[in-house]
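> As given, the protein sequences belong to chains A and B, one line each in that order. By the count of my numbering, the first sequence reaches residue 170 at its end, each step adding exactly one. By the count of my numbering, the second sequence reaches residue 120 at its end, each step adding exactly one.
Among the clues, some could well be false.
[Unchecked claim] Label-pair distances were calculated between CB atoms; the ranges are:
#: 1; chain 1: A; residue 1: Ser131; chain 2: B; residue 2: Arg26; range: 43 to 53 Å
#: 2; chain 1: B; residue 1: Met46; chain 2: A; residue 2: Gly139; range: 16 to 26 Å
#: 3; chain 1: B; residue 1: Leu38; chain 2: A; residue 2: Pro157; range: 25 to 35 Å
Simulated from the structure, these hints should not be mistaken for lab results. Ideal Cβ placement from N, Cα and C applies to all residues, glycine included.
What follows is each chain in one-letter form.
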Amino acid sequence: MQLAKSGRNSLPEEISSALILPGFVEEQSSPLYLKTGTVIVLLVVSNVLGNFSLSRGMREVGRLVSVSPWRYIQALLHPMVAIGVLLLMVWLISQLSLLSRVDLSYVLPITSVSYVLTALMGEFLLHERVSALHWVGIGLISLGVGLVARTVPCTVPACESAQASREGPQ
Amino acid sequence: MKWLLIAMIVIPGTIADVLNTMGMKRNGQVTDFRPRALLRLIGSLMRNPYVVVGIPAMAVSFFALMGLLSIANLSFAVPATAFSYVLETALAKYILKERIGWRRWAGASLVGCGVLFLAT
Numbered sequence: 001m002q003l004a005k006s007g008r009n010s011l012p013e014e015i016s017s018a019l020i021l022p023g024f025v026e027e028q029s030s031p032l033y034l035k036t037g038t039v040i041v042l043l044v045v046s047n048v049l050g051n052f053s054l055s056r057g058m059r060e061v062g063r064l065v066s067v068s069p070w071r072y073i074q075a076l077l078h079p080m081v082a083i084g085v086l087l088l089m090v091w092l093i094s095q096l097s098l099l100s101r102v103d104l105s106y107v108l109p110i111t112s113v114s115y116v117l118t119a120l121m122g123e124f125l126l127h128e129r130v131s132a133l134h135w136v137g138i139g140l141i142s143l144g145v146g147l148v149a150r151t152v153p154c155t156v157p158a159c160e161s162a163q164a165s166r167e168g169p170q
Numbered sequence: 001m002k003w004l005l006i007a008m009i010v011i012p013g014t015i016a017d018v019l020n021t022m023g024m025k026r027n028g029q030v031t032d033f034r035p036r037a038l039l040r041l042i043g044s045l046m047r048n049p050y051v052v053v054g055i056p057a058m059a060v061s062f063f064a065l066m067g068l069l070s071i072a073n074l075s076f077a078v079p080a081t082a083f084s085y086v087l088e089t090a091l092a093k094y095i096l097k098e099r100i101g102w103r104r105w106a107g108a109s110l111v112g113c114g115v116l117f118l119a120t
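If we strip away everything but chain A, and leave its shape as in the complex, we get (with noise of 0.2 Å):
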């Protein structure tokens, strides 16, 4: 008796917490944080196959250099193109997210390792012969990177007050 009682007096609580706080319930389910090592590989992928899609898609469209919008319009109604937008959509927004986080000197240098992913799929997937020339541009890109992936990240005091303001939109 006592505990239905006491059952029954907490929920109007919660109710009416959440009817006075709107979004309330909003804040109770968790922010999805994505670490910033799993947005630069999220912007890579979205790049290398988001270019992939569209040389695929472009290539079936045909030739693409002209003036009036109505082309580019046609082209996007491909598939292939429309999926290699979508996906650079997704490399946009990962894109800017990772600029708000570090450098631009840090992120440009990282994510050039979608050239290397790029060429490796021209290579195996559309059969463009990747010479000993482009095997040479693939090493130095990727020690490039890896100099580059050894230098703190955020240099900027930006970085740091955001940090800090976390709690509270500026």
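Got chain A sorted already, so can you dock chain B onto it with the hints?
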């Protein structure tokens, strides 16, 4: 035509990167990737003057890339868009005031060289 398109990819692309970095640093760190949070992010970015100019510049660069992809091989098109590594590192130092040590300079130069090799 190919090289004109490359200029249309590189120059607006560089401007876009610098403006987007400025805008996103003012926006604050993006840490929540739930769809609702991303929609809210897009809403606030539409009122962010740097990003509002940066994204269209990026779009110019993107459509030029699409055009280039339709007349050139992927292995020509994509690496050729990347002449800007050292240039953008310098802009990051002087405009964005990022501290760039020898590792960043060497890394950006190596990546730039690697990209030149890939473009051959």
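> Determine for every hint whether it applies to the structure shown.
Status of the hints after comparison with the structure:
{"no.": "1", "hint": "A:Ser131 to B:Arg26: 43 to 53 Å", "verdict": "44 Å, holds"}
{"no.": "2", "hint": "B:Met46 to A:Gly139: 16 to 26 Å", "verdict": "42 Å, violated"}
{"no.": "3", "hint": "B:Leu38 to A:Pro157: 25 to 35 Å", "verdict": "26 Å, holds"}
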